[in-house]
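With chain H's structure known, arrange chain P on it following the hints.
Number of protein chains: 2
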Amino acid sequence: MTICVATSTLKHMLDYQPSLNDVFHALADPTRRAIFERLVEGDAPVSELAKPLAMSLAAVVQHIQILEHAGLIATHKTGRVRTCRIEPRALREAETWIAQRRDLWERRLDRLGEILDEQQSATSSNKEPT
Amino acid sequence: MTICVATSTLKHMLDYQPSLNDVFHALADPTRRAIFERLVEGDAPVSELAKPLAMSLAAVVQHIQILEHAGLIATHKTGRVRTCRIEPRALREAETWIAQRRDLWERRLDRLGEILDEQQSATSSNKEPT
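Keeping their order, the protein sequence lines are chains H and P.
Using the working numbering, the letters of the first sequence map in sequence onto residues 4 to 133.
Using the working numbering, the letters of the second sequence map in sequence onto residues 4 to 133.
Certain hints may be false.
[As the list claims (entries may be wrong)] Where chain H lies over chain P, by a calculated footprint (3+ residues, C-beta under 8 Å):
#: 1; region: 27-34
#: 2; region: 40-52
#: 3; region: 95-108
To be clear, the hints were calculated from the coordinates, so they are not data collected in a lab.
Backbone N, C-alpha and C define an ideal beta-carbon position, used for all residues, glycine too.
Chain H with its partners taken away, still in its complex shape:
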């Protein structure tokens, strides 16, 4: 079924929320999601995050930098130890983006359902009694 709706806003959509690119890109990798999930349990130094991962410390640091660049986590250094923690805002923005689209889509489905119901009622009431 094709519903024709104005698409004039499509081009404008490309210009906004550049940070969502970084957030979704950061979440698209299983190592980065695993690091994020570990940090949900509590703040942790980079060395502890790296321990269970089958990769070099340098690779882990790169993943952490991508998470930090996306605003999903923050890090701070005390002496020689860099500790990571969750930054909730970026994740909340991604969640909001998804939830709003899901909500709009569900409302459209509801509207379509109502239209079909109305059409069915109109058809029934227009029928000649047998």
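Here is chain P on its own, set in the frame of chain H:
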């Protein structure tokens, strides 16, 4: 503040939900998010989706294939027209993943707040009256 929590599950986390990689990767691109947002308004043929985008039809088709591979949309061909529509399941999975992590993180914050409150109460009740 660093909280030491067992990280034994970190390695296992890398093995599950491979499709989340595809969903988040698909959403990490503004053109693909724009196409998805357009489809939230209603099903549309590829040619209509391509119209407002400053790129070749082949490039748009590639974006659509990535969205379809991630399970975010489905397409069907009638004659020479390929029409696209939203597939809600993959988006819901991504939303659930994010919501669960946010929920866990918020609960941890609540627990920390309770521990701090208890410590404060204990300190107050142990104080000698002046």
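Hint check:
Using a Cβ-Cβ cut-off of 8 Å, 7 residues of the region 27-34 of chain P lie near chain H, which meets the minimum of three, so the contact claim holds. Figure legend: the region 40-52 of chain P, annotated as covered by chain H; annotation consistent (10 residues with Cβ-Cβ distances under 8 Å, at least 3 required). Only residues whose beta carbon comes within less than 8 Å of a beta carbon in chain H count, and the region 95-108 of chain P has 10; three or more means the coverage holds.
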